[in-house]
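Chemist: Protein sequence lines, in the order shown, are assigned to chains A and B.
FYI, numbering that gives the first Met the number 0 numbers position 50 of the first sequence as 49, with every residue one higher than the one before it.
FYI, numbering that gives the first Met the number 0 numbers position 64 of the second sequence as 63, with every residue one higher than the one before it.
Source of the hints: derived by calculation from the structure; they are not laboratory data.
Being a predicted model, the structure only gives us computed values, none of them experimental.
Please note: incorrect hints may appear among the correct ones.
[As the list claims (entries may be wrong)] Chain A is nowhere near these chain B residues, computed Cβ spacing over 10 Å in every case:
#, residue
1, Asn36
2, Leu40
3, Glu58
4, Gly65
5, Asp66
[Claimed, not checked] FRET-style restraints, in silico, Cβ to Cβ:
#, chain 1, residue 1, chain 2, residue 2, range
6, A, Arg6, B, Met0, 57 to 67 Å
7, B, Pro1, A, Ala34, 46 to 56 Å
8, A, Pro36, B, Met0, 52 to 62 Å
9, A, Cys77, B, Val70, 48 to 58 Å
10, A, Gly10, B, Gly65, 52 to 62 Å
11, B, Asp61, A, Leu74, 45 to 55 Å
12, A, Ala15, B, Glu29, 35 to 45 Å
13, B, Val8, A, Ala34, 39 to 49 Å
14, A, Met23, B, Gly72, 41 to 51 Å
15, A, Pro12, B, Val35, 18 to 28 Å
16, A, Leu3, B, Ala25, 34 to 44 Å
17, A, Leu62, B, Ser38, 24 to 34 Å
18, A, Leu91, B, Glu58, 12 to 22 Å
19, A, Leu3, B, Val8, 32 to 42 Å
All C-beta atoms, glycine included, are put in the ideal place defined by N, C-alpha and C.
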Amino acid sequence: MLRLLARAGRGEPFVAGSVRLLRMLAVVILVYGVAIPFLPALMMAWSASADGSVAGVFSPFSLLPVVVGLLVAALAECFRVGTRLRDDVAGLV
Amino acid sequence: MPVDEPHRVVCRLDALLVDRGLTLTALSAEIGVSLVNLSVLKNQRAKAIRFSTLTAICEALDCQPGDLFEVAGVRSSGR
Numbered sequence: 000m001l002r003l004l005a006r007a008g009r010g011e012p013f014v015a016g017s018v019r020l021l022r023m024l025a026v027v028i029l030v031y032g033v034a035i036p037f038l039p040a041l042m043m044a045w046s047a048s049a050d051g052s053v054a055g056v057f058s059p060f061s062l063l064p065v066v067v068g069l070l071v072a073a074l075a076e077c078f079r080v081g082t083r084l085r086d087d088v089a090g091l092v
Numbered sequence: 000m001p002v003d004e005p006h007r008v009v010c011r012l013d014a015l016l017v018d019r020g021l022t023l024t025a026l027s028a029e030i031g032v033s034l035v036n037l038s039v040l041k042n043q044r045a046k047a048i049r050f051s052t053l054t055a056i057c058e059a060l061d062c063q064p065g066d067l068f069e070v071a072g073v074r075s076s077g078r
């Protein structure tokens, strides 16, 4: 994110690197939001259950990381369009 | 020629400047276009020009767009 802010400060936010960064961030947030809440419950159920089954495992699941992840993904798409527009005006005097 | 092929527009700004006895710096100061942009134009690195920039250059050099640009490899039939 600091790299993204530095690029924006230099007046060059719309580059391929920024798009990649935002896409990676969206994936990390989505994975964190979906997978992490299940891990402790999964570990507990696995160690508690004799046959190793995880039937009946319920874990509190928040939609907030999913929403934030999708918003960051949408922002990445906006930056992708911005990168294309920047390329279009390169060399314009 | 399909529009996605590389262009063959040649800018004759350097010749016009010599003809009018002007430097690029003087032209930049007169019309308010940055020296960097005029240099890009003069060195054939421009890919597009704003009409406002074109108007300002033609007014300053007392010329027409056809005096400033030509397309290489196309013979003008004068139609």
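Chemist: Now tell me, hint by hint, if it's right for this structure.
Modeler: Here is how each hint holds up against the structure:
no., hint, result
1, Asn36, "violated (4 Å)"
2, Leu40, "violated (5 Å)"
3, Glu58, "holds (16 Å)"
4, Gly65, "holds (18 Å)"
5, Asp66, "holds (17 Å)"
6, Arg6/A <-> Met0/B: 57 to 67 Å, "violated (36 Å)"
7, Pro1/B <-> Ala34/A: 46 to 56 Å, "holds (49 Å)"
8, Pro36/A <-> Met0/B: 52 to 62 Å, "holds (59 Å)"
9, Cys77/A <-> Val70/B: 48 to 58 Å, "violated (37 Å)"
10, Gly10/A <-> Gly65/B: 52 to 62 Å, "violated (35 Å)"
11, Asp61/B <-> Leu74/A: 45 to 55 Å, "holds (49 Å)"
12, Ala15/A <-> Glu29/B: 35 to 45 Å, "holds (38 Å)"
13, Val8/B <-> Ala34/A: 39 to 49 Å, "violated (55 Å)"
14, Met23/A <-> Gly72/B: 41 to 51 Å, "holds (46 Å)"
15, Pro12/A <-> Val35/B: 18 to 28 Å, "holds (21 Å)"
16, Leu3/A <-> Ala25/B: 34 to 44 Å, "holds (41 Å)"
17, Leu62/A <-> Ser38/B: 24 to 34 Å, "violated (54 Å)"
18, Leu91/A <-> Glu58/B: 12 to 22 Å, "holds (20 Å)"
19, Leu3/A <-> Val8/B: 32 to 42 Å, "holds (36 Å)"
Hint violations for this structure: numbers 1, 2, 6, 9, 10, 13, 17, all remaining hints satisfied.
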